[in-house]
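Go ahead and model the full structure; you've got the sequences and the hints to work with.
2 protein chains.
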Amino acid sequence: MQISKGVEWAAHACALMCGLPPGKGLKAEALARYHEVPGAYMAKQMQALSKAGIVHTARGKHGGYRLARSADAITLWDIMAAIEGSAPAFRCTEIRQNGPCGAKPEKCLQKCAIAAAFHTAEAEFRESLQGVSLVEIAAGVVAESPSEHLRDVGNWLEKEAVSLS
Amino acid sequence: MQISKGVEWAAHACALMCGLPPGKGLKAEALARYHEVPGAYMAKQMQALSKAGIVHTARGKHGGYRLARSADAITLWDIMAAIEGSAPAFRCTEIRQNGPCGAKPEKCLQKCAIAAAFHTAEAEFRESLQGVSLVEIAAGVVAESPSEHLRDVGNWLEKEAVSLS
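Note that the protein sequences, when read in sequence, are chains A and B. Just so you know, we're using my numbering here: the first sequence kicks off at 201 and counts up by one. Just so you know, we're using my numbering here: the second sequence kicks off at 201 and counts up by one.
There's no promise every hint is true.
Copies of the same chain look alike in the list, so a pair counts if it works inside one copy or between any two.
Claimed, not checked - With a Cα cut of at most 30 angstroms, we get these calculated DSSO-like pairs of lysine-lysine:
1. K227 / K307
2. K261 / K205
3. K224 / K205
4. K311 / K261
5. K304 / K251
6. K359 / K227
7. K244 / K304
8. K205 / K307
9. K251 / K307
10. K359 / K224
11. K205 / K304
12. K261 / K307
13. K307 / K359
14. K244 / K205
15. K227 / K311
16. K244 / K261
17. K261 / K304
18. K359 / K304
19. K359 / K311
20. K227 / K304
21. K224 / K244
22. K261 / K224
The hints are simulated quantities; they were obtained by calculation from the structure and are not laboratory data. These numbers were taken from a predicted model, which means no experiment stands behind them.
Shown next as structure tokens:
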């Protein structure tokens, strides 16, 4: 089981966008440069976040990205689901219906005990991430960062932020 | 995020082996036939379970597999970890250290807030599966199965079980 790097990148990009002044945004290219990751792959994550309604996209020469709603209304689960999809990680193929002793489909109206246990565990995972908003992530980043680092980030954002149409 | 089919197969194979009499086992070929899945891929899962100490393997003509310990001492997490490994699904690549405002490594002794939140969510997932033993799974299968199905399974096991050396 593996969560793609894109989730890490998207989460960090969203955390950084928490520091933007109202009406301002960042180009995908700037987000990639800030995180020192390939531009095309960062752009792909931003498009997925846009499609999921997590970021607002302004197109064109003066285009860029900003959060589409307030940071307390965006959770880590929202970001993960935008990038990875929200299909269950455990995909039951109903193998209990296979083979010489296969159960009849009409006797399989309830999830099998194995699928049910995995889906419960996934619900715990999901609810845990749903309990963490970008506000908490941004507060965590601020708490763990020396003041000179925060000043550098503020200066960088001022330099790179574009006014979104 | 996706859990491989092998986890489903291994979990069902282990649940079936709960029904074996003491000293008896099943060949990988019989396990594959029971679940109507490709033999080579089922054998691969059984080897992974064996390597993790979940099943006991007897080799040779009279070889086969049985659970290596009592069903109440085997959890769904044990089975999943045997097949998928137990590395974290979220792999932090420390991108906070990258780029023009990268944090210095010596300031990154604590997990970043994003990695910490994912690792907490994964711990919830893991603990949920650690709370489900094969005894509960087997009891669930019995509870959801009509008596004629259980009779068929019992007959099949009697026919296919081999005495393990």
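Here's how the hints hold up against the structure:
1. K227 / K307: Between copies, since 28 angstroms is at most 30 angstroms while 54 angstroms is not.
2. K261 / K205: within (28 angstroms within a copy, 46 angstroms between copies)
3. K224 / K205: Answer is within; shortest intra-copy Cα gap is 26 angstroms, inter-copy 45 angstroms.
4. K311 / K261: Answer is neither: 51 angstroms inside a copy and 37 angstroms across each miss the 30 angstroms cutoff.
5. K304 / K251: neither (40 angstroms within a copy, 34 angstroms between copies)
6. K359 / K227: Close inside one copy (12 angstroms), not across copies (67 angstroms); limit 30 angstroms.
7. K244 / K304: Close across copies (28 angstroms), not inside one copy (44 angstroms); limit 30 angstroms.
8. K205 / K307: between (41 angstroms within a copy, 22 angstroms between copies)
9. K251 / K307: The answer is neither: 39 angstroms in one copy and 35 angstroms across copies each exceed 30 angstroms.
10. K359 / K224: Intra 11 angstroms, inter 72 angstroms, cutoff 30 angstroms: intra-copy only.
11. K205 / K304: So K205 and K304 pass the 30 angstroms test across copies only (21 angstroms; inside, 41 angstroms).
12. K261 / K307: neither (59 angstroms within a copy, 37 angstroms between copies)
13. K307 / K359: Between copies only: 25 angstroms across chains, 64 angstroms inside a chain, cut-off 30 angstroms.
14. K244 / K205: both (12 angstroms within a copy, 28 angstroms between copies)
15. K227 / K311: between (45 angstroms within a copy, 28 angstroms between copies)
16. K244 / K261: within (18 angstroms within a copy, 53 angstroms between copies)
17. K261 / K304: neither (60 angstroms within a copy, 34 angstroms between copies)
18. K359 / K304: between (65 angstroms within a copy, 22 angstroms between copies)
19. K359 / K311: between (54 angstroms within a copy, 28 angstroms between copies)
20. K227 / K304: between (55 angstroms within a copy, 25 angstroms between copies)
21. K224 / K244: within (21 angstroms within a copy, 53 angstroms between copies)
22. K261 / K224: within (14 angstroms within a copy, 72 angstroms between copies)
Against the hints set out earlier in the document, violations occur for numbers 4, 5, 9, 12, 17.
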